[in-house]
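Which chain is which? The protein sequence lines are A and B, in order.
Heads up, the first sequence is in the numbering used here, so the first residue is 14 and it goes up one at a time.
Heads up, the second sequence is in the numbering used here, so the first residue is 14 and it goes up one at a time.
If you are wondering where the hints come from, they were derived from the structure by calculation, not from laboratory data.
Just so we're clear, the structure is a prediction, and the values are computed from it rather than from any experiment.
Zero decoy hints are in this set.
Which copy is meant is left open, because identical chains are indistinguishable; a pair holds if it fits in one copy or across any two.
Pairs of lysine-lysine residues, derived as DSS-like cross-links and limited to a Cα-Cα distance of at most 27 Å, are as follows:
id: 1; residue 1: LYS647; residue 2: LYS466
id: 2; residue 1: LYS647; residue 2: LYS625
id: 3; residue 1: LYS422; residue 2: LYS351
So the chains spell out like this:
2 protein chains.
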Amino acid sequence: MDLTKLLKPKSVAVVGASEKNGFGGDVCRNIITYTKDMSRIYFVNPRRDTVFERKCYPSVTDIPDVIDLMIICTSQKTILPLLEEGAGKGCGGAVVFASGYGETGTEEGIRQEKELLERAEELGIAIMGPNCAGYVNYTDHVYAFAFISAERDRRGNIGVISQSGQLCLSMMECPSMKFSYNISAGNAKGIQMEDYMEFLVEDEHTKVVSLYIEGVKNPSKFVEVLNKAAAKKKPVIVLKAGRSNKGQAIAASHTGSLSGSDASFDALLKKFGAIRADDLEELTALSLLFSTIPRLPDKAEFASMNLSGGETAICADVGYLNGISYPDFTSETLAALKEQLPGYATPNNPLDMTATLSYDADLYAKVLETVMDDPNVGMVLIGYTLLYEIADPAIYYMYEGIKKVAMKKGDRCKPIAIIPFAENTRNPEYQEKLFRIGVPVLPPPVYAFKMLKKLADYINFDYSSVSHEIALPQRKSDQTYALSEHESKMCLKEFGVAAAEELIVTSRREAEIAAEKMPGAFAMKIESAEILHKSDVGGVLLNLKGAKEAGDAFDLIMENVKKHCPEAGINGILMVPMLKPGLEMIIGVNNDPQFGPMIMAGMGGIFVELFKDVVVYPAPVNKAEAMRMLQSLKAFKLLNGYRGGEKYDIDALCDTIVSVGNFAAANKDSLKELDINPLFVYPEDEGVGVADSLIVKYGEKRRC
Amino acid sequence: MDLTKLLKPKSVAVVGASEKNGFGGDVCRNIITYTKDMSRIYFVNPRRDTVFERKCYPSVTDIPDVIDLMIICTSQKTILPLLEEGAGKGCGGAVVFASGYGETGTEEGIRQEKELLERAEELGIAIMGPNCAGYVNYTDHVYAFAFISAERDRRGNIGVISQSGQLCLSMMECPSMKFSYNISAGNAKGIQMEDYMEFLVEDEHTKVVSLYIEGVKNPSKFVEVLNKAAAKKKPVIVLKAGRSNKGQAIAASHTGSLSGSDASFDALLKKFGAIRADDLEELTALSLLFSTIPRLPDKAEFASMNLSGGETAICADVGYLNGISYPDFTSETLAALKEQLPGYATPNNPLDMTATLSYDADLYAKVLETVMDDPNVGMVLIGYTLLYEIADPAIYYMYEGIKKVAMKKGDRCKPIAIIPFAENTRNPEYQEKLFRIGVPVLPPPVYAFKMLKKLADYINFDYSSVSHEIALPQRKSDQTYALSEHESKMCLKEFGVAAAEELIVTSRREAEIAAEKMPGAFAMKIESAEILHKSDVGGVLLNLKGAKEAGDAFDLIMENVKKHCPEAGINGILMVPMLKPGLEMIIGVNNDPQFGPMIMAGMGGIFVELFKDVVVYPAPVNKAEAMRMLQSLKAFKLLNGYRGGEKYDIDALCDTIVSVGNFAAANKDSLKELDINPLFVYPEDEGVGVADSLIVKYGEKRRC
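Next comes chain A alone, as it looks inside the complex:
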């Protein structure tokens, strides 16, 4: 549905306009405070002639103009008739604050919501909400927002969409935050989060898209929009509820969102270079950072400049804990700094400039320029605790120094940010002044360096090496069935996963004959889709040799299985050459109901389970992505010649991951899960070996 009339209306009716507290009054107050041109804004209330000295119309129909947007401040029962009325006036969008819909979880609420959305669709009216706090379009001065905030100019380039009105308001109340749009999406069942996202990614006034979401409703559009944003290099910053089980439950009960697996969601963001924030403060501060700096750093290399040794040590330590890279200064930079700084200073990165320089704007500018001009530096971090009430004049000089450099360098000025060391201290006047020359004031170090690491990852993200496809699933059944080991391996083999020559025998005699063709030792395993833990029932014998042992093994396995699983359907016994042991990896797939098959890779059992050293990534993947998956594991070092040891066949391992991803993508609608455990990885150029494999699918049992 087209959102133009909803989000960029030329004429607006406020239905339920009022002077009292509450939706009607607060919206009118907001509009009067912020709107520049009131000529096509109409207040509607049958019980009043005027509201805040402006004419009030008895009904929408009475307004002598076409109406693009209705801001409906009245209660649930009035909504449907109002939509009918609005449609007659050309209305194409409505903000509905009223609650009592799907979020109640009641049958009646859900029915009402469905009826509302169906009617709106028929009438061609895009509904924001219900149960929302509305929105502000700062670019065009449309103020359809129901909460009162402190008065200040907020027009800027951050586009916010939030499933919580409270969090919208909190972002508005942060000094220096400047928005293109701030949208409280509410239940967002008609016009969805993903529709607003698309709008903002395309909106030329929006530089950063900033989201609080409780769940994704339209996965395919979500993926499409992430893809689009990555292609445009427009940062998308996401705070999503549901890292914890309790968080998931709260998100589900709050706006009735279906929250998929958090690991899948996280993997999806990573794939498209979207940035995940851990809380609202980080979402806000990251948005401010991306919004304020005039351009991204060319490289993720930071210089840190401070006024005291203590502060310099904090930047060194907290930077290090967060993986921030402080390159060494070149000898030219060091020589220049030696001249510019007092004799007792020791030039280095992070740099303790000493406090004396903060009282000399020219010298401060000179040092800043020296540091910025170092070819190893991508961005300059200035440590300074900007107090709320400024008692010490240092910031006056520092500001002048920074401004001087920013003006002199123009477009060539590398990005700068301020890091304070304690909070509740940012003087609004100077925060604003710094903002206007493109210098954001970040939160204190624990937040700041966490954020800068995310900025670094964003800079290093290479969209061109990412496969753009995602295998969004359409599950057709809730029934599941397993494939046997042999069936599983054969399915994977079709997609290029290495498989040993193996065969199924159904009698002692066949086993004896087969044994003679085996090149070396072999294993025999019961072949049945109904026996998943083969060893537990005596269904596996290893390291066998020759016809006699094969025959005996056949009889013994059959006897064991008959005893333990008399009912199980059996295909025979699988005879497979013993694999030589290698480095043990696990490759798995879990099919996320929203985002499709997620490939999981990690080293054997305890590495995955105790150390959580595992990577998850959406299928399919290309080889570069497979390589990055492996590189993100701590265990990667073991693959890559740890302590002068063996280098393993990483190339073959990447090929296997790509093949598994292709298989999973091709079977996205029917695959439940897949496990290759263990996958032996052999030394360089010697490939990999699938020691066991299991596929579980949705649907009625059949061969894949």
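Place chain B on chain A using the hints.
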């Protein structure tokens, strides 16, 4: 040296009193602003009759009073004569702002510092500094501080000591921070950090001791004070530079502090339950938290109450990421909440109260009381973004509600803290009001939950189960030498570390005879303190049996060693029964030059090296501490019956750690390092086995 005259003077002379900017002027301005009783404060300046309309004396000698403290604002060259003069007036303390001493790193500066301190000692004058910013004693209104800060009442119970004047000032400037003392220690070579610490731990007005340190100068006093603070249950919160190599270098160059190993320092803090902050904001906020809450929670179990679903989800998620425990509410609590909350709310912990309650103080108080009365809850966290400029009145009602509960409950009121969701938003008036009823406003979630986890650890810390001794070393030599494997094992055996029967043979014949007495297979290894990598030179043969193999092995090993290490001194060949394999652990010791032997425990190679799954703890340890060391490892699960697997002999492993600790403590002055690698841990009741061991000592080679 007694610090009374320095830190609690009855009469004060400000030498170099002035009206200009700079030390002399700023100290006078501070004193005039804050001092209640000026009757025994004397300004000294030979060139002025008055300063700020107060009489100025030409010299200290001219003051008609005895002088406890001199605040010396004049330059380096005046200091020594002033000390002489002050001594004649009974002076026992002096604050020296002047720089140019040891911090310059020059010979002249170091000489000057030495002279200053020696003379002060002779005269019985306790020196703060040099190169410091002075201190404030808020309890007795002594304002000997050289930086100007915004005027407000800061009298409270946080005692700060900082090696950075800048960081002192930043803490002073944080709203609601209330101090007993705030001490900028400067070079702190005479009166040291540790002396101030001792003073504050003993000071009855100080509830929390808060430190920024760049290095410890007096390890034995540092340990003594930590011990004392732990015994008194007075929290010590420490920000220490040097987590990173760059941070260590900066700390070393800033105040010339010697920074020991950060891991040792960290281990020491853990042992005594001291709390480590990651940056200044955390140090400040942790201090405020401990300072403000009227008592500690009885248990580390939190309830979270919020006004919106989004905020509740953030508390759930960020709490979870930080290991915060939200117990389920009892059925009684849930039933009461169901009655008190609106119908659409879903009572749970964390709790979304919905916003409606924040406009009804009585109902808010009722819900808060219900949550607080839940027997599972130790502390209540109220999520609320306290804005700087309050536009929405909710906080009025919430504050009244909280106050009502605090008043009603009195001493039985469980601790409460406020968590805002975005920063730069704490209204000073309400922050102060909340502070006065014992409710701190924490920083946003990423900081807040990190801090609350540290509070939880502090509550759970059990000083009674900690051994109070620390083996502080006095290294007597820089030379080092290694013991052979057998020597190492024998040294450890004396302290109770299990050792197999093993013997050294020096001829083929001896080897053959010994072989016949071996109960099973055995290993033979070259026995030499000069060959540390025995396998690399063909000095190890495993799984031998019988006299013939023993004899051949003897010859082969001797031949190999003669070829590869013709110069090495050799004791013979060690014959040792093959140990059955077990779970492989590493136990090590590194002797920290400041804090003595640190025991290291972890699972074999890659666990320690790739996953950093290793614990470090000061020697000696008791068995409870050994157990906690193991429990802190991720690999502990593997010892303790992972996935229904074997349970290993944790008891014997703890005994081994205790024994190693005792050995290390007994050899604290001579031990360099020790390695038991691997230590095989066997199933329950089957003990452990030392497979190899190496001890390196300081000094001339001799048997331990």
